[in-house]
Amino acid sequence: MDLATLIFWIIAVILVGSALMVVGLRNIVHSAVALILLFAMAAGIYVLLDAEFIAIVQILIYAGAVTILILFALMLTRITGQQSRTNPTNKQWWIALVICTLLGVSIIYAATTSPHAVATVGSDSGQLPAGINNVVRIGQLLYSPTQYSFVLPFEIASLVLLVAIIGAIVIGRED
Amino acid sequence: MSTPSIGYLYAAILLAAGFVFVIIATSLANLLAPHDRTKEKLQTYESGETPIGSARVQYPLGFYIFALLFVAFDVDIVFIIAWAIIFKQLSLFGFFEIFFFIVVLVLGLVYAWRKGVTRWI
Numbered sequence: 063m064d065l066a067t068l069i070f071w072i073i074a075v076i077l078v079g080s081a082l083m084v085v086g087l088r089n090i091v092h093s094a095v096a097l098i099l100l101f102a103m104a105a106g107i108y109v110l111l112d113a114e115f116i117a118i119v120q121i122l123i124y125a126g127a128v129t130i131l132i133l134f135a136l137m138l139t140r141i142t143g144q145q146s147r148t149n150p151t152n153k154q155w156w157i158a159l160v161i162c163t164l165l166g167v168s169i170i171y172a173a174t175t176s177p178h179a180v181a182t183v184g185s186d187s188g189q190l191p192a193g194i195n196n197v198v199r200i201g202q203l204l205y206s207p208t209q210y211s212f213v214l215p216f217e218i219a220s221l222v223l224l225v226a227i228i229g230a231i232v233i234g235r236e237d
Numbered sequence: 021m022s023t024p025s026i027g028y029l030y031a032a033i034l035l036a037a038g039f040v041f042v043i044i045a046t047s048l049a050n051l052l053a054p055h056d057r058t059k060e061k062l063q064t065y066e067s068g069e070t071p072i073g074s075a076r077v078q079y080p081l082g083f084y085i086f087a088l089l090f091v092a093f094d095v096d097i098v099f100i101i102a103w104a105i106i107f108k109q110l111s112l113f114g115f116f117e118i119f120f121f122i123v124v125l126v127l128g129l130v131y132a133w134r135k136g137v138t139r140w141i
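Chains as they are written, first to last, in our numbering: chain A, 63 to 237; chain B, 21 to 141.
Think of the hints as simulated: they come from the structure by calculation, not from any bench.
One or more of the hints may lead you astray.
[As the list claims (entries may be wrong)] Each computed SDA-like pair below joins lysine to any residue, with the alpha-carbon atoms no more than 20 Å apart: (1) B:K135 <-> A:R235; (2) B:K135 <-> A:I200; (3) B:K135 <-> A:L224; (4) B:K135 <-> A:G234; (5) B:K135 <-> A:V213; (6) B:K108 <-> A:V232; (7) B:K135 <-> A:G229; (8) B:K108 <-> A:R199; (9) B:K108 <-> A:I200; (10) B:K108 <-> A:V197; (11) B:K108 <-> A:I233; (12) B:K108 <-> A:F115; (13) B:K108 <-> A:V213; (14) B:K135 <-> A:Q202; (15) B:K108 <-> A:S206; (16) B:K135 <-> B:F83; (17) B:K135 <-> A:L223; (18) B:K108 <-> A:N195; (19) B:K135 <-> B:L89.
[Unchecked claim] Sample of chain B residues at the chain A side, in silico, Cβ under 10 Å: (20) F39; (21) V40; (22) E69; (23) Q78; (24) L88; (25) D96; (26) W103; (27) I106; (28) I122.
Ideal placement from N, C-alpha and C gives every residue a C-beta, glycine not left out.
My request is simple: use the sequences and hints to build the entire structure.
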């Protein structure tokens, strides 16, 4: 077993454990904190897959912003009664069991029979040049005008973010 | 799955050092601190104001806009990271590109300011 496989299994065990904590813990604030750990471990998986940009996005937006959003929503809504029973269970665990089994079986089936399951290392077309990771490559595609680039979509993305900001203010403001 | 590059070794060392530092600092404080649990010591503010009511009150809902604005500007930071990593390769064009990107987002901040979102509730 090489080092990457060992790290993968450590991360995978912590990831599944924290995912179980998210659904299993009785205090919903503890669930939200476990969600941060889950997102961080998912970022570790992305790093192992050489997808550093996705890992940065995972840490910054999911572990940073989305969980903050969830914690704010918990803080701003009134929690009545016992603090320790804010994440209650219900009696539908057998439906969840059936759905999870079906989902797991179909994922395993897809991963073992799909032709894309085999990595095509060695074909040059999809490979990055040596010494360039994909954050650098994404930066080059977004910000340099010489080659085939995404300058205009990038500027339009800022407009989309502006619309999101103004929309949040318009909808969320209490008048 | 490829082997992780040597650069992540430093990140792993930093992570481990962070955990070790916190563990040493808290356990050392636990060892050194006196443990006499008097009534005054267990108050929220020792020899200060007496707290009134529970801390778990409902905050004004207007604070949620701050979280939403934070998410939007966090997405903006992701783009700036990809820009900052290759900053030395870029010409003046790249600078103006990110400049206009930020200007458009500052328009959103100005809008929030004018609408009084940033006022103290």
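Requested in this report: Hints the structure violates: just list their numbers, smallest first.
Outcome: Hint check: 2, 5, 6, 11, 14, 20, 21 and 22 fail, others pass.
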